[in-house]
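Place chain L on chain Y using the hints.
So the sequence lines, in the order shown, correspond to chains Y and L. Counting from 1 along the first sequence, just add 8 to a position and that's the residue number in our numbering. Counting from 1 along the second sequence, just add 8 to a position and that's the residue number in our numbering.
By construction, these hints were calculated from the structure, which means they are not laboratory data. Hints are supplied without guarantee of correctness; some may be wrong.
Repeated chains share a single entry, so a pair holds when one copy, or any two copies, can fit it.
Result set (BS3-like, lysine-lysine): computed pairs, CA atoms no more than 30 Å apart in a straight line [what the hints assert, rightly or not]: (1) Lys146 <-> Lys249; (2) Lys252 <-> Lys111; (3) Lys111 <-> Lys146; (4) Lys146 <-> Lys242; (5) Lys53 <-> Lys238; (6) Lys20 <-> Lys252; (7) Lys267 <-> Lys12; (8) Lys238 <-> Lys158; (9) Lys267 <-> Lys146; (10) Lys111 <-> Lys12; (11) Lys242 <-> Lys267; (12) Lys242 <-> Lys12; (13) Lys53 <-> Lys158.
Protein chains: 2
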Amino acid sequence: MNFKTELTRKAKQVDQALQSFLPPEDAYPPLIHQAVRYSVLGGGKRLRPVLALASAEAVGGDTAIVLPAACSLEMIHAYSLIHDDLPAMDNDDFRRGRPTCHKAFGEAAAILAGDALLTLAFGTLAKSDGAAPECIIKVIGEVAFAAGTKGLIGGQVVDTLSSDEDTDVLTLEYIHSHKTGALYRAAARAGAILAGASHAQLAALTEYAEHLGMAFQIKDDMLDIEGDEKVIGKPVGSDQKNKKATYPALYGIAGAREKATQAARSALAALELFGGEADFLRSLVQYVINRDF
Amino acid sequence: MNFKTELTRKAKQVDQALQSFLPPEDAYPPLIHQAVRYSVLGGGKRLRPVLALASAEAVGGDTAIVLPAACSLEMIHAYSLIHDDLPAMDNDDFRRGRPTCHKAFGEAAAILAGDALLTLAFGTLAKSDGAAPECIIKVIGEVAFAAGTKGLIGGQVVDTLSSDEDTDVLTLEYIHSHKTGALYRAAARAGAILAGASHAQLAALTEYAEHLGMAFQIKDDMLDIEGDEKVIGKPVGSDQKNKKATYPALYGIAGAREKATQAARSALAALELFGGEADFLRSLVQYVINRDF
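Pulled out of the complex, with its shape left as it was, chain Y reads as follows (with noise of 0.2 Å):
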C-alpha cells in the first residue's frame, strides 16, 4: 500500500461524497447553500472522514457503509469552524487561504450556514444504510455526544474563556481533548462501530484515535509557530495573537514536539492487536505529525 496514494484516494471519496449530501448551489434559497458549499467544498485535509473509513477497514468493514458518517463528521467539523471565525468568537479573517465565511457571505449567512452543516450532518447521519439500525443510532448518539457540551462546545467555550488568562496545564488538555479528540474519537468509533467492530477493537481504535488526535493538535500549534503562511492557509501567529492556550506556549517548542512524538506512539501501541489491515492507520500517524500544513 503507498499511504500517500492511498489516502489521497479515500480523500476524493469523501468529496464525491460530500457534493452529493450537500444541496446544489443553486437550491433555493441560493445563499445558504452557496455558503454552505464554499466552507466545506473549498479545501481541508478530511482526517476526520478518512479517520472513519479506515477504522471501518481495520476491522473488515465497508467502507461505503460508513460514507454517510464520515462525511457528517467532516460538515460539523466545517460548521464548528465557521462558528469560531466569527467575530464574537476568534474574529478570524482567513482561513484556508481565504476569506472566512463571514467575510465571504456576511455574519448572518455564516451563523447560518454553521447552524445548516450541523443539522445537515445529523440528516446524513440518519441516511446510513446497510448497518443495523441499532449501530446507526448508537453511532448519531455518540456523535451528538461528542459536538456537545462535553466535547466539541465545552472545549470551544474553555478556549473562549481562557483567551485573556494564563492556563494551566489540565485546562489545555481539557480544551485539546474536546475541541479535537473528541471528534476524532468519534470517527473512529463511528467506522468500527457500523463496520461490525468486537468490543476489544472498539476499544484500542478509540484509545489510538485520542493519541492521533492529541498528535494532531500539538502539530497544529506547532504550525501556527512554525508553518508557511502560504502553505497552512492562514496567518501564522494568530494563537498568540488571540492569547490561546497552546502546547508550545506551555512546553516550548521543544517540549511539545515531544509531546507530539509520544501521543505517536501511544497511538502505534494501541493498534497492536491489529495486522496488516490497519498499516493505512499506522502510516497516518506519521503523516499526521510530519505534516506541513
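Then chain L, alone, in the frame of chain Y:
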C-alpha cells in the same frame, strides 16, 4: 376532557423531561449549561412538544415513547430563537419578558448555546426508546430536514434577506411555512410515526399540523401589533421595526384574522377521520388563534 388542564399537564410533562435531558447548570463548563437552561426553561408555550405528544395520543400511542422527540423539537425551537435574536440577525434585546441569551451571557456564549441545543436535540432523539429503531431513524431524518435549509433555516435566510424590501405574498408564505410550519409538521409527524400511525393517520396529522402552524404564525404576527407587551414578553411592533414580512402588513388586520380563521377551519377538517381521541388537537386549534401571548 378539560383542555386547559390537559394542556398544563402535557406542558409539565415536557418541562420535567427537559429538566432531565438538559445537563445541570453546574456541569463543566458551567457557563454554557447556564445559558442553555436559561433559554429553554425560561418560559415558552411548549406547543411543538405538546403537538408531538397529542399526535401520538390521537393514534392510540404511548406518549412516554415520544417524550425525547418532543423535547428535541423544543430544543431546536429554543436554539433558533437564540440565534435569531443575535445582533447579526434580528438584534433583539428581550424575549419572554427577560433579556435575550446574548444580552444575558454575551454573544459568544449565545452562539455556542444555540449550537449546543441543536446538537443536544439530536442526541436526545437518539435516546428515543420503545419505538422501532427504523422509526427512530426516520424521525431523526425528518427532524433534520425540517430544521435544515429546506425548512426552518431556509425560512430564516429568506426572512433575514427580505427584511429591508417589500415582500410579496409568495415570499411571506415561504417564510412562514418554513420558519414555523416545518417544525409543527415535524412535531406531529414525529409523534405519529413513533406511535405507529397508519399512512392515512400520518397524512391527516401532517395536513393538520401545516394548517395549525400557519394559524399560529398569523396570530403571532397579529400579537406583534395588537398584543400587550407585558403579556407577550417582548416589545410590540418589533416586526415593523425590523421591517419583517407579516400577514397584517400584507392583508391588514381584518384580512389576517380571516386568514387565521381559514387556516383553523382547514386544520379541523384534516382531523375528520379521528374520533374523540383527537379532541385535544381540536381544542388546540382554538387555543392557538385565541391566545393573547
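Task: Those earlier numbered hints the structure runs against, lowest number first - done: Failing hints, ascending: 1, 3, 4, 6, 8, 9 and 10.
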